[in-house]
Amino acid sequence: MYKLFTILLFCIFTVSTSAKASTNTHVDIDLTRMSSTMVYTMVFQMVTDPQKYVGKRIKMKGAFSSYFDEETNRRFFGCIIKDALACCSQGLAFELAKPRKYPSEYPSEGSSIIILGTFELEKEEDGIGFPIIKDAKMFR
Amino acid sequence: MLDKLFFYLDFPFVRYAIIVGTLISLCSSLLGVTLVLKRYSYIGDGLSHVAFGALAIAAVLKVSNNMLIILPVTIAVAILLLCGSKDSRACVKIRGDAAIAMVSAGALAMGYLLMNIFSSSANVAGDVCTTLFGSMSILTLKPTDVYLCMILSATVLVIFILFYHKIFAITFDENFARATGVNVSAFNLLIAIIIAVIIVLAMNLVGALLVSALIVFPSLSAMRIFKSFFSVTIAAAVISVICSLTGILVAILAGTPVGSTIVAADILVFFISYITSFIRNGRM
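Protein chains in written order, with the numbering used here: chain A, 1 to 140; chain B, 1 to 284.
Simulated from the structure, these hints should not be mistaken for lab results.
There could be a bad hint or two in this list.
As the list claims (entries may be wrong) - Partial selection, computed: residues in chain B whose CB lies under 10 Å from chain A: (1) 8; (2) 11; (3) 13; (4) 185; (5) 252; (6) 255.
Claimed, not checked - BS3-like, lysine-lysine: derived pairs with alpha carbons at most 25 Å apart: (7) B/166 <-> B/38; (8) A/123 <-> A/137; (9) A/52 <-> B/142; (10) B/142 <-> B/62; (11) A/61 <-> B/4; (12) B/4 <-> B/142; (13) A/134 <-> A/56; (14) A/52 <-> A/101; (15) A/82 <-> A/61; (16) B/4 <-> A/56; (17) B/4 <-> A/82; (18) A/82 <-> A/56; (19) B/166 <-> A/82; (20) B/142 <-> A/56; (21) A/52 <-> A/82; (22) A/123 <-> A/56; (23) A/61 <-> A/98; (24) B/4 <-> A/52; (25) A/137 <-> A/52; (26) A/137 <-> A/61; (27) A/123 <-> A/98.
These numbers come from a predicted model, not from an experiment.
Beta carbons are placed, not taken as given, at the ideal position from N, Cα and C, and that holds for glycine.
Okay, chain B solo, but in the shape it has when bound (with noise of 0.2 Å):
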C-alpha cells in the first residue's frame, strides 16, 4: 500500500492535487464557518451552480483561460446575494433563500442547455458530469492552475487574518459592529468576494454540487466539539485539510472519484464529532 502510495507521488499531478487540494480546503473551511454561523450554509450551492454556468458560458464563447469569465461572474452573483438579499430597497422583491434557490437552479440549468446546444466537445454529458461531480478535474490539473490556486488562496488567508476581529464582530452581530465603527457594508462585500474566488477554486476539488459540503461540514463537526470562535476555526481548518488529504489518497489508491471520497471523508468525521458531542455532553 505504501509502495503504491510513494509511487503514485513521483507523479506531479499527484502533488499538484495535494497542495491544491489542501489550501482550497484550508479556505473554504476558514470562512465557512462565518457563513454557517450567519446563516448563509446554501450560499455555497448556488454559487458553485452560477460558476458552473459561467463555465458554460466560457466554453461555448471558446475562452482558453475559463477563469477570466468564472471569476467575475461569480463575485458579481456573490455580491448580489450577500449584500443585496440585507437590503431590501436593493433587491426589489426577491429575497433571502428565494433569491439563491433561484439563482442555483437558474444557473444550472442553462448552463446545462448552453454546452448541450454550443459545445464542440464530443462528449458532453461526460464534460457535464466531471464539472458537477469533481471526478478527475484535481488530479488533470496544470502548473498554471496550481500557481493560480496558490495566489488567490494566499491572498483569501491574508485577508482572513487581518481581518480576523472584523469578521468576528460582523458573523455574531452586524448592529454592534456597525456601532463601533465597523463598516459592516464593505466587509460583508468583502466576504462576498472572497466567497465567490473559493466556490470557484473549491469546484476543481469537488465539482460544483458538492462545493457546500466543502464549506459546511468541518465547521459543523468543529462546533460539535468546541464552541469559542477561534477554536471553532482552527478545528474547522485541521478537520478540512485532513478530510481532504484522506479523500485525495483513498481516491488516487482505490481508484474512486476524488470528490465524493473527500466528501465522504468529511460526513465520517462529522458523525464522529456528533458522537464524540454526545458522549461528553450528553445531549445532540
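Looking at chain A on its own, in the form it has when it is part of the complex (with noise of 0.2 Å):
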C-alpha cells in the first residue's frame, strides 16, 4: 500500500513538473518564425492595442537596447526591431525571470538576443499601462 502510494505521488509530480515545464517553453506567437514586415506589423499591434496579447506566450528576436528611467530609478531592458525599410524601430521591453546583474550580466546594446516570456499591461502610477515581457528568458 505504502509503495503504491509513493508511486502514485511520484507520478503525480513527474506530470506536473512536466506540465511546467512545457508551460514555460509553450509560445503562443513567435515572432522567430515570421518575415520582418509581419514581426514590425505583429509588435505595433501588441503595442496600439495590448489588451488582445496580455497572458500569451510571445517568442521574439531583435537587439538589445537597456534604458534607464531617471524618474522611477528603474533600468528598462528591451528587445528593439526594425521594420523593412530599417528606418523605423520599436520594441518590447522584458524583464527577466532571474535577474542579472547589469552590465556584466547582460549583452552589449544592438546585440542580437531572442526573449521567450509573457506579454503583460504593467500600470503606471497615473493609471496608464506599458506592454512588457515578463518573466522572460534571454537568449543569445
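Can you join these two chains into the complex? Each is in its own frame, and there are hints to help.
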C-alpha cells in the first residue's frame, strides 16, 4: 500500500513538473518564425492594442537595448526590431524571470537576442499601462 | 510557403491590407487611364506631396482623425491644379507643369519642416520615411480606416461607372464634349475630387512618393496591349489589382517594404506588356 502510494505520488510529481516545463517553453506567438514585415506589424499591434495579447507567451528576436529612467529610478531592458526600410524601429520591454547584474551579465547594446516570456500590461502610477514581456528568458 | 501564407492570412490586419489594397489599386487604375491620356500623369505625384504636407499639419495640430485635414486640402489643390490650369484667367501666370512642380516640392518641403519643428514623436525620420515610402502603413490599418476606404472606393467606382461616357468624352476631346452639351467644367471638377480622394487613399498603400506609379504603370501596361478606351480601362484595373495583391503577399512573405514591392510588380508587368507589344506589332 505504501509502495503504491509512493509510485502514485511520484507520477503526480512527474506529470506536474513536465506540465510546468511545457508551460515555460510553450509559445503562443513565435515572432522568430515570421518575416521582418510581419514581425514589425505584430509588434505594432501589440503596442497599439495590448489588451488582445495579455497573457500570451511571446518569442521574439531583436537587438538588445537598455534605458535608465531617472524618474522611477529603474532600468528598462528592451528587444528592438526594425521595419523593412530600417528607418523605423520599435520594441518591447522585458523583465527577466531570474534577474541578472547589469551590465556585466547582459549583452552589449545592439547585440542580437531572443526573448521568451509572457506579455503583460504593467500599470504605472497614472493608471496608464505599458506592454512588457515578463517572466522572460533571454538567449543570445 | 503556402502554409506560411495561410498562417499570415489568419491575422485580421493582413486581411484588411488585402481588401484595402485591392480597392485602392482598382480605383487608381480606373482614373489612371484618364490622367495618362489627358497628359496629367505627374499630377498624382504633386497631389501626394500635398497630402503629405496636410498630414504634417494634422500631426502638428494633433488632430485624431487626420483625414479631416488631408482630404479637404488635397481636394482643394487638385481642383486648383486640374481646373485652374485649364483656365488661364484662373491661374494667372503660373500654369500646367510649373504649377504642379511648385506645389509638389513646396508641400513636401513644408511638410517635412513642420514635422521636424513641431512633431512630438521621438522618431521623426521614421514617421516621414514610412509616410513617403509606405513601408508598413497598409498593414497597420484599423477597422475604421478599412470601412472609410471601402465607402470612398465604392463612391469612386459608382461615379466612374455612372459617368463613364462623359469621362470618356472629356478625356479625348473637351471641345467636342462641350459641343455635345457636356458640362466640361463640372466634370473636370468631379475628376479632380475623385483623383484627390484616390491619392489620399493610395498613400496608405504605397506611400506618398510612389503614388504616381500606381496611377501610371497599370494604364501604360494596358495601353501596350489593348487599343480601345474600354479594354484599356478593364485591363489596367486587372493589372493593377493583380500587381497590388502580388506585391502585398510577396512583401509579407519575403519581408520587403510593401509600397516598393507593389511598384516593382507594376514595373515587371509593364516590361512584359512592352515586350509582348513589340513581338506582336514589331515596333516600340
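So, going through the hints one by one against the coordinates:
1. 8: holds, 6 Å
2. 11: Holds: closest Cβ of chain A sits about 8 Å from residue 11 of chain B, inside 10 Å.
3. 13: holds, 6 Å
4. 185: violated, 42 Å
5. 252: This interface hint holds because 6 Å falls under the 10 Å limit.
6. 255: holds, 4 Å
7. B/166 <-> B/38: holds, 14 Å
8. A/123 <-> A/137: The given pair, whose Cα atoms are some 22 Å apart, holds under the 25 Å limit.
9. A/52 <-> B/142: holds, 14 Å
10. B/142 <-> B/62: holds, 18 Å
11. A/61 <-> B/4: This hinted pair holds, its Cα atoms lying about 18 Å apart.
12. B/4 <-> B/142: holds, 23 Å
13. A/134 <-> A/56: holds, 11 Å
14. A/52 <-> A/101: violated, 32 Å
15. A/82 <-> A/61: Since the Cα atoms of residue 82 of chain A and residue 61 of chain A sit roughly 11 Å apart, the hinted pair holds (cutoff 25 Å).
16. B/4 <-> A/56: Holds, at roughly 21 Å.
17. B/4 <-> A/82: Roughly 21 Å between the alpha carbons, so the hint for residue 4 of chain B and residue 82 of chain A holds.
18. A/82 <-> A/56: holds, 22 Å
19. B/166 <-> A/82: violated, 48 Å
20. B/142 <-> A/56: holds, 22 Å
21. A/52 <-> A/82: Between residue 52 of chain A and residue 82 of chain A the Cα gap is close to 22 Å, so the pair holds against 25 Å.
22. A/123 <-> A/56: holds, 17 Å
23. A/61 <-> A/98: Roughly 19 Å separates the two Cα atoms, so the pair holds.
24. B/4 <-> A/52: holds, 22 Å
25. A/137 <-> A/52: holds, 22 Å
26. A/137 <-> A/61: Judged against 25 Å, a Cα distance of about 12 Å means the pair holds.
27. A/123 <-> A/98: holds, 21 Å
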